[in-house]
Amino acid sequence: MWKGLPDKSGLYNPENEHDSCGIGFVAHIKGQKSGEIIRRGLEVLLNMSHRGAESADNTTGDGAGITIQIPHRFLVSKGISLPEPGEYGTGIVFFPPDEKERKAIEQWFYRTAEEENLTIPAFRDVPVNSSVLGEIARRSEPVIRQVFLTGDYEQDELERKLYIFRKRIENEVRNSGLSQSSYFYINSLSTRTIVYKGLFTPVQLKEYYPDLSDPAMESAIALIHSRFSTNTFPTWDLAQPFRYLSHNGEINTIKGNRLWMKAREALLQSQLFGKDLEKLFPVIEPGKSDSASLDNVFEFLVMTGRSMPHAITMLVPESFNDRNPIPNSLKAYYEYHSMIMEPWDGPASLVFTDGRYVGGTLDRNGLRPSRYVITDDDLIVMGSEVGVQKFSAEKIREKGRLRPGKILLVDTKLGIIIPDNEIKSQLSRQNPYGNWLKENRLELEKIEVKQRIPSTIDQYETYLRIFGYTKDDLDMVFKPMALEGKEPVGSMGNDTPPAVLSKKPQRLFSYFKQHFAQVTNPPIDPIREGLVMSLTNYIGALQTNLLEENPAMCKLIRFQSPIIINTDLGKIKSLQREEFSNITINMVFDANGGGKALQEALDRICREAEQAVDNKINYLILSDRAVDKDHAPIPSLLAVSTLHHYLIGVKKRMQIGFIVETAEAREVMHFALLLGYGASVINPYMAFAVLDDMCKKGEITLDYKIARQNYIKAIDNGLLKIMSKMGISTLRSYHGSQIFEAIGLSNEIVEKYFNGTPSNIGGIGLEEIAEEALIPHREAFRLAPVKEVYPKTVGIYHWRKDGEFHGWNPETIALLQWATKTNNYEKFREFSNLVNSQNREPNFLRGLLNYKKNPIPLEEVEPEENIMKRFVTGAMSYGSISKEAHEALARAMNSIGGRSNTGEGGEDAERFKPLPDGTLIRSAIKQVASGRFGVTTNYLVNADELQIKMAQGAKPGEGGQLPGYKVDKIIARLRHSTPGITLISPPPHHDIYSIEDLAQLIFDLKCVNPTAKISVKLVSEHGVGTVAAGVAKARADLITISGNEGGTGASPVSSIKHAGLPIELGISEAHQTLVKNNLRGRVRLQTDGQLKTGLDVVLMGILGAEEFGFATAALVTLGCILMRKCHLNTCPVGVATQNPELRKRFIGRSEYVVNYFRFLAREVREIMAEMGIRKFDDLVGRTDLLEQRTDIDHWKARTVDLSRILHKPKEAEKFPLHQVTHQIHPIDEILDRELVKLAGKALKNKEKVWISRTINNTDRAVGAMLSGEVARRYGEFGLPDNTINARFYGSAGQSFGAFLAGGISFTLEGDANDYLGKGLSGGRIIVVPPAGSRFVPEENIIIGNTVLYGATSGELYVRGIAGERFAVRNSGAFAVVEGVGDHGCEYMTGGRVVVLGPTGRNFAAGMSGGIAYVLNRNGNFEYFCNKGLVELSPLEDRSDILEVQMMLNNHLLYTGSRVAENILSNWDEYLPMFVKVIPMEYRKVLEEQKLEALRRKLEATEDSPQYHY
Amino acid sequence: MGNPKGFLEVKRKEGGNRPVSERILDFSEVEQTLDEEDRRLQASRCMDCGVPFCQWGCPVMNNMPEWQDAIYRGDWQAAINILQATNNFPEFTGRICPAPCEKACTLNIHKEPVTIRENEAATAERAFERGLIKPQPPAFRTGKKVAVIGSGPAGMACADLLNKAGHHVTLFEKDDSVGGLLRFGIPDFKLAKNVIDRRVQLMMEEGLVIRTSVHVGKDISAEELLNEFDAVCLAIGAMKPRDLPVEGRDLKGIYFAMDYLTQQNKVVRGDQIAEKDRILATGKKVLVIGGGDTGSDCVGTANRQKAKSVTQIEILPKPPEERTPDNPWPYWANVLKVSSSHEEGCERFWSLSTKRFVGKNGSVTGAEVVEVAWEKDANGKMLMKEIPGTKRIIPADLVLLSLGFLHPVQEGLLKELELKLTERGNVHVSRNHQTSKAKIFAAGDAVNGATLVVHAIASGRRAAQDIDRYLQNL
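Protein chains in written order, with my numbering: chain Y, 1 to 1509; chain U, 1510 to 1983.
Just chain Y, same shape as in the assembly (with noise of 0.2 Å):
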């Protein structure tokens, strides 16, 4: 039977749902309840379907629902005998369909009722129309009654009753082992508002349930949601809105969020519940979504007292670092308010009501579009987007959106909208929080010195031992943090094995993985947007109680690094007066004892904690100092975990820190375990012994001081990456948070210390652990007659003949160069040996896999040539390498049927064109990465295949930089960017926060270029499968999935060795997830990561892949011999490298790269038929060909496990394994065919075209089919200018005007959302409002965020303000604008900017190139201005003030904008309020550009004869 979410099975598992969404509210701001409300409410959700989705059915929605206020003279009308409005509550219940059941728990509702001093005077059955549903919908369908209770309470005593009542109902039945239990849920229960929701597309919502358009209902106010999920499995209870809220977003801290929620259970006391609080508990219902979760935090919190505001900001509160304008007594209320809170941190847009107020916020990223109107007769309107509702002109009163972190609250009952800074200084004046601040919290910086404590340690050389420090650790670790400050970069991918599998022993830290984001929430950029991030955190005595406030709860210690140097450490411990009193933890276990010594250890830690806990100490100290011969370090991850957990079992986490003093933490990666495990504080004594060691030695060449600050820095920025990798701002809410995975634990380790965390391949076990870490331990004491060179290198970066082992060695490197240099299958065949024998170490997953045999002739085997149409090689972009490499494996791929990818970068245009003798050198595949580099509408259209590549698999979750030396003439001029100029490309794309985005994203380039297919690449980690099923939904055609394996030109070492999991877990969870979903059928999955052979290929075949991706092994086969130094520009062989000397050495060719792919599918046609499959689509998703050996007798390698892998879901009985169709792309009836009809005349013969339409925000990407039209005919530079001209009338939908080509010009009166103008190529955009309109265009907004996205020429006039991200990555586009949001002109590498009014923060961050003038009318835009990279200075150059002058003449023209005329016809007076910002570096090269121009006109005039007359 079905019952919502399938169980965990395989490596499926339900926690990893995601969801995101189109939220809003209609309310009259005077309270006048009517129909009209209702009924607009549900048309702003039918507005926004494009933003929920539909499962593989295509009728089930995945969740819409609506809260009204209780329609009393509706209820009246059906005969139900109620008292007076407030006097009952009721609510939507949903119930198991089978009546047993049904009626037991009626049963429960009259005895808790009754129990509770209420009486439930009616039931009523809710009228349905379950014909509308889709199939899975109705599989899952409750019975779907409505409640009543009244009692003789006044109405919030009555509303706190209802809560009891229904969290006793809940929990009753949760534990009730009814068999239909989890159909159970009250959609809620309330004396002011009602929720009517379930698992319907929007449309449906309306239709299922008939009471909604009835006359009679009436309310002022309608919350609505629409939910796209990663995945099929959406449930009824899952659809929003929740009780309070609708949430549009992403809690990426939830896990932490929900431990420490519980581990505050304990601690809760309300004078408002009394005894009856314990009733609420667990205050978070288990195995719901993280916004279910969030809701229910939010009502507990407003339940025991707290205003919804006063709410709202604990939970998520803005960022009040320095570099936000904010009050201080605000700052302060957000300081004391994040000691007892954590922020429930993530991309969210927020919608609540309480029935009397309504309100939105934004979480301090403000990632999620909100947009409103407000009409003269007192309607506003909130949605994702603008145009949700139509009004004429003359009727708005006011145009706006949300801003990150601010809150609109509407009282329906005053009839007034409160703004955000009343209401925060409401907030702040509640308390005198600066006071208390001032009073209690100590800041570590100011506690006294006593003692210094020295950073040498006795034994040096045997801790070295102990601890496993490695000559790689102080090479490649030490000594750049120390030098630089900064982490470690490396390139190439990570070869070796998983921890699991390694011969070599291991820290425990290095059996988990990172967790990041992608798709379903964007990862954030910690240095252009250091403004939203923060380090700081507390140690303590914490929180009592959490609903009460006062001064007590903050004697903290504020620290603003969680790194603390022995001195600090030191003052800690000597502070021993209340509530800062502390005992030391030994972390050391017997040494002779092996596992069970370690059990003990890790008992005895816990029962003295507890006992510390019970004495009243307020920190904990665990220590590793106490090693010696009989005792060994318990590694202190283990320790640190387990204490944490216990102690959260027995609740009494709250009422002590941890603070770690290990030697055993030494890179980023440890630390941000430690803190993510619970740890507050460390202190890595042994790493600044290290330091100071190699600085004495001279092998750091500077004063300890200066490197022991700076490895602080690279470590601090280290975790910043991390928490920002998951899109996670504050340490605060990523301590404990969990955001990892492990591989190659046993489940029982896992479930006991690390509950929680996701670990998929079972693994070692307490014995092993305590082996791993007494192996350095006997070596340290074991009695050398003579002393041996220590620390050794054992190569975990670099290759070394007895170290670890790599994939990629010499003998496999020369094998494979020999044999397709010389085109030798033997040689080959020699190598394929070789790597697979050595995969079956094992050092692979893969090598624990045999396949079974069942033989038949060669020749039944499909041709190699069907097999080489599956291989692809990796992206890599013309700028990491070389033009040579680049070319000769577009050459190859061509010439086999494959596909190259042209990576992030551009390509020649000159490429696109076949070469005489009909080659072809272009890549296939075209991607679009963050930064959209060279993505023009021709490079789009000449493409068979258009990558979005979400991540990476050597650094998901961050950024790339290419340094301004490697940007050479030509790559400059692909990228559209100044050669010379940094290039950076952002952590996430600024286009795709959330699902829904990806498949906006998808759309507009299906827009471009229909013929292509559109694919989609993550990185293998847990949860990829749903997150692959929704990007299926979002209608990709094809996916990737990335093994952490892969390589890259440069990125933090950290990364590639610690995020992201082996491809083999990767595509099988891919791959199971879309089967179980019915997905799998219409997508193609490709995988990559370190496959070399043809073995390699048909395992991942089986395991789900259709197409394979090779990148480092191609270029191997190119001379590639893993030098590892390609981010420094030196690579030796022109492979990695743009130095032109260096590429004169590249000595690869094609065909090699055709002779490699070749050998591949003959190798591969052989083993199929050594399996007797006679197609490859016949052995895909195949695992019951697989096994996993049982003959492997190394000690850990033999606790894994792969059964999960190898999982067969049962759906795959009667789903396809593999693709049998395509995807159904909406484009077929878009507004461009129309367009394109239209405008036949200018596509045929360049004649002038008119059009004039009206426009929907439903209509989106207008533009883009258009101009991929003009760029297939006439190239890069399009039409002549004006060509096609088109004026639109209405509210435009997402990407108007995207990648709009040369010759269009599109003038929209009205407004605008999100990515206007994204990827510009040369087209012009002037956005007007609509005439009749009343509002004064240069304080509303009128276009969304994320404008001119990537565009690379053309230009932009808008009559209004921009929303967040103006011209985010813009390369060449020309705009005027009256006013933007937060991170203008962010990452912005050339084109002109001129911005009329005010900036909001951040301006200019991470701006390489291009310049932008800003009216600086109120005098403080420095303050705004993020001043990283640019300088300003006043508007003096004669070229600069006619650029300016004519670009405002421009605006004039186009828009008639009375700031233009006023700015124009007062010139003198306005030019001193000019501020140019450009980027110093982009300054300069200017300059020489200048100069050079100059020079090259002097040489003329002297050396030209017609100069000479």
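Keep in mind that the hints were calculated from the coordinates and are not lab data. Given the structure is predicted, the values throughout are model-derived calculations rather than measurements. C-beta: ideal position from N, C-alpha, C; glycine also. Misleading hints may appear alongside valid ones.
Unchecked claim - Taking beta-carbon pairs under 8 Å as the criterion, some of the chain U residues facing chain Y (in silico): (1) ILE1618; (2) PHE1637; (3) PRO1647.
Based on the hints, put chain U in the right spot on chain Y.
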């Protein structure tokens, strides 16, 4: 590490050899050295490869990138420490190793490898010069006793490591001096013998017991040895030379190369040789048969003895000057090698098979040779065919046979111990260097057949580690 752009800025520069006209007048070392600044620049050319093929190519696994970096930084102490951690005798290999590391060096793809061998020699010399190499006697003794028989590079390396592991080690040598072929086979102009003495001195200061002129199996019985020691390592080399049993082989004036070279080495150190036993090339037409390194040493020695002419012949075809496609980088390069001795004057012929020696009055006057052609058979095995009508006589009054070595001398010790031998006649050992008798281990050429010094060192080291493990488990 190092200077990532060093290889672009600095060209490969070799120390080079002393001028021919000068060097053939003496037996001093031929090779010159660079000054310190140049040496550091040369070391800076190392790129610290992600995959250091050099280390892969090196039998003792020298950690090139790391000590090149140390040289570059001018930290000679670190350099010698890193080097000695893998190679007991960098001063030997730095001089005479044919440097497979350089063949495999990534820069050799474009034929300009780092001067690793010279850098090694320089590191060792600098370290000795500055007193950075000090005796490191073990801090304690295990009480276990080991005998190492044979003091060539394998025996020395093995004894050195075992001594440093704290065992009581006695190194037996049948000759009057330690070093084996290093001392008696390799001419002084390639390896000056004080270099060996310096090292031996150091080892003795570290407590190694050396007993020269003790021929185990003759002067002391194997049984005695086994009674006295907990373990024995045979490092007796592969001293049985390959002969050329053709007509006229017994003519006077035909010698094994090793006899010739050994005698000259002894003369250089000051030994007096009776006139009747003296093998001198002075004024003679010398024919060296065999194109290997030993043959080349004969050429150099003969020239220094002022031979009238020197001819070297080889039965195999002339190797190509450049790598062929089936002999790619980073593998050992089978290419024509011109040694410093060849530069000093020598006519070389290839594909010549010696049919017989001709003589007069019982003394050799020449060798009859025939040209041969080499073809691959169906299995890819090379087959030799004489080319009819190409017989000729090369005149010679001194013939030196340097046709390589067969296996260790089996008479005496090996027979007495009744050890299992391989098909080729080498000592059979299991993977841990144990012979068919538990207590007895073997290393070096005795196991592997004659090969490079660096292989001998590597083998001696590995055997030492196995013996150490064996002793620890006793």
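A quick look at each hint next to the structure:
1. Restraint check, ILE1618/U versus chain Y: the minimum CB separation of about 6 Å is within 8 Å; hint holds.
2. Nearest Cβ of chain Y to the Cβ of PHE1637/U: about 18 Å, over the 8 Å cut. The hint is violated.
3. For the restraint placing PRO1647/U at the interface with chain Y, the shortest Cβ-Cβ distance is roughly 3 Å, inside the 8 Å limit, so the hint holds.
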